[in-house]
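Line by line, the protein sequences are chains A and B. According to this note's numbering, the first sequence is numbered sequentially starting from 1. According to this note's numbering, the second sequence is numbered sequentially starting from 1.
Among the hints, erroneous ones may be present.
Where chains are identical, the list cannot tell them apart; a pair therefore holds if satisfied intra-copy or between any two copies.
With a Cα cut of at most 30 Å, we get these calculated DSS-like pairs of lysine-lysine [unchecked claim]:
| id | residue 1 | residue 2 |
| --- | --- | --- |
| 1 | K60 | K96 |
| 2 | K68 | K107 |
| 3 | K134 | K69 |
| 4 | K74 | K118 |
| 5 | K69 | K107 |
| 6 | K100 | K118 |
| 7 | K47 | K97 |
| 8 | K60 | K100 |
| 9 | K60 | K107 |
| 10 | K135 | K60 |
The set of hints was computed from the structure by calculation and includes no laboratory data.
2 protein chains.
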Amino acid sequence: MVNKRFATALHILSALAYHEEQTPLNSDLLSQSINTNPVVVRRILKKLTQGGIVQTQRGKHGGVRLAKKPSSIKLGEIYDCLHSRHLISMNEKPPKKDCKVSCSMGKIMEVLSVGVEKSVKDYLNRQSLCDVVKKI
Amino acid sequence: MVNKRFATALHILSALAYHEEQTPLNSDLLSQSINTNPVVVRRILKKLTQGGIVQTQRGKHGGVRLAKKPSSIKLGEIYDCLHSRHLISMNEKPPKKDCKVSCSMGKIMEVLSVGVEKSVKDYLNRQSLCDVVKKI
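Just chain A, same shape as in the assembly (with noise of 0.2 Å):
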């Protein structure tokens, strides 16, 4: 599950890409915009510098910009970059051996996880940053 990470990192984008022209923004004041700690916020800039939405500058005017334009960022990078597990699971224990039905469900349900994804990737990647900011 994409929990609430989703939700917070959409949120720093939005900040990022809204006051862009102006001096970059930090961990602090983008925690306080959203009401959370730093920490978490910092957590999720890592993902999203890792996945090369984001880029640090360092030093005393320094702090977070985007690393490529609103337009150009879909919601589905976004979405990519924070989650690990699958939104619909699968049964993790060993199947019945003596059981037909048993046996398929691990493949039925795998087909099923991806395509749930796919399904949440596609509506997401309909949709840019840039369309995003236009609501705020």
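Since chain A is already given, all that's left is putting chain B on it; use the hints.
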């Protein structure tokens, strides 16, 4: 999140559909096939009964049966019976009143969260329990 409940529910319903012509199954037999606790199975059966997908016959030859044909049970209907929380959650903390980004994020995330649910439901509703059973 649906957790593993969707996988367990689909396993239960697939077993019921696969053995449709035989004696009704019960939660003990179903839990053996799933390799889980009968309590877990009974909890999910309760939800599926409330959702009108299965029905319970009491008595010596009693057990659980599908309440309708596998071809008319869409996977989205099963999903609906089980889940309570949205797959993508919102930040529940109050927004920072003097921050325009913070004040807009609740509505933005609500729309996205509903969109994600709809994508998942649309995908699942394109498949029936009958389609699943054909793969066993």
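Checked against the structure, which of the hints given earlier come out wrong?
The structure conflicts with hints 9, 10, although it agrees with all the remaining ones.
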